[in-house]
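Let the sequences and hints guide you as you build the complete structure.
Protein chains: 2
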Amino acid sequence: MRYFEDFPVGEIMERGPYVVTREEIIAFARQFDPQPFHIDEDAAGKSIYGGIIASGWHTAAICHKLMVEGLLGQAAGMGSPGLDELRWKKPVRPGDSLRIRIETLEARPSASKPDRGALKLRLEVVNQHGEVVMTEVANALFARRPPAP
Amino acid sequence: MRYFEDFPVGEIMERGPYVVTREEIIAFARQFDPQPFHIDEDAAGKSIYGGIIASGWHTAAICHKLMVEGLLGQAAGMGSPGLDELRWKKPVRPGDSLRIRIETLEARPSASKPDRGALKLRLEVVNQHGEVVMTEVANALFARRPPAP
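Residue numbers (my numbering), protein chains in the order written: chain A, 1 to 149; chain W, 1 to 149.
Keep in mind that the hints are not guaranteed to be accurate.
Which copy? The list can't say, so a pair holds if one copy fits it or any two copies do.
[What the hints assert, rightly or not] Derived lysine-lysine pairs resembling DSS-like cross-links, with alpha carbons at most 27 Å apart: (1) 89 to 120; (2) 113 to 46; (3) 89 to 113; (4) 90 to 113; (5) 90 to 120; (6) 46 to 90; (7) 89 to 46.
Just so you know, these hints were derived from the structure itself, not from any lab.
Following this line, the structure appears as C-alpha cells:
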C-alpha cells in the first residue's frame, strides 16, 4: 500500500500502455461529445484534423483509468478536490498507444488533520511517437503511513 | 449560428437538466474509474460517501455533453486548448438532476488571426438542490462573425 510518504517530490512514474480503438472513440463521443470530427468518418476527413480524433474528455478519462489501475488501486487515496490546469496539446487518433507519466510536484502534510497530506501531481499523456498529447496538474489527498506498532 | 461576438462578457446561460442513472454511473466507472465507491454498492455504503457516487470524470463528461448539445452544436467553435481549473465540490449520486451554468469571463480577439477569438468561460454544474457540484474555467476558440456581404 502506497501512502502520502511514498510520493517523494521529483519522483516520476510511468503507467500504460493503453491502445485506443476507433470503436471506443466513437462510442464515448456519441455519449458525451457528439461533434462531427469525433463521430463521423466523412466529416472528420474533411475537417482540419483529417480523420476521427478522440474527445479530449475521453483522453482525460483514459489517463484517469491508467492512474486508478496502475496506482490508486494500491494506494491510500482520499479523493481529489480537482485540477489546477488541463491542456489538450495534440489529437489522439484510432490505434494510438498511450502511456502516462506521473510526477510529484509538491507534498504537503495537512496542518489540521495529521492523518493525511496533500499532493500536487503533474500528469502527462504520451503517445507512441513520444508526443505529449495532454497534461494535467492534479491535487490529491492521501493518508499518511500509520506509525509502526 | 453563434460566433465569438455572441458571447458578451458577463452573460450567463443555463442548459440541462440531465438525470444521472445508477446504471450509467457504474458503467462509466467500470471503464474509467473502477474504485469501490463508484462501482460496488456494498463497499460504497460503508465508505465515507454512504452510497455509490459518480466518478468526477463522469460529471465532467456530462457537463461537456450539455455544452455540446445545448451550445457548441449551434456555435462556430474551433476547439479548446484546455482548462485553467476544475473543482469537484460535492458528490453526484444516482437520480441527481444536473444543470450547467455557463458564464463568459473574458473575450479576447486574436491578435495574429483576425478570423477568431478566445473566450474564457466559467462552468458550474448544479444539482436539483441548487448545490454546485463541480466548477471549471475553460478556454475555447470561436470563429468571428463574417462581415455582412
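Against the structure, the hints come out as follows:
1. 89 to 120: So residue 89 and residue 120 pass the 27 Å test inside a copy (21 Å) and across (18 Å) alike.
2. 113 to 46: between (55 Å within a copy, 21 Å between copies)
3. 89 to 113: between (37 Å within a copy, 19 Å between copies)
4. 90 to 113: Between copies only: 20 Å across, 40 Å inside.
5. 90 to 120: both (24 Å within a copy, 20 Å between copies)
6. 46 to 90: within (18 Å within a copy, 41 Å between copies)
7. 89 to 46: Answer is within; shortest intra-copy Cα gap is 21 Å, inter-copy 40 Å.
The structure shown violates none of the earlier numbered hints.
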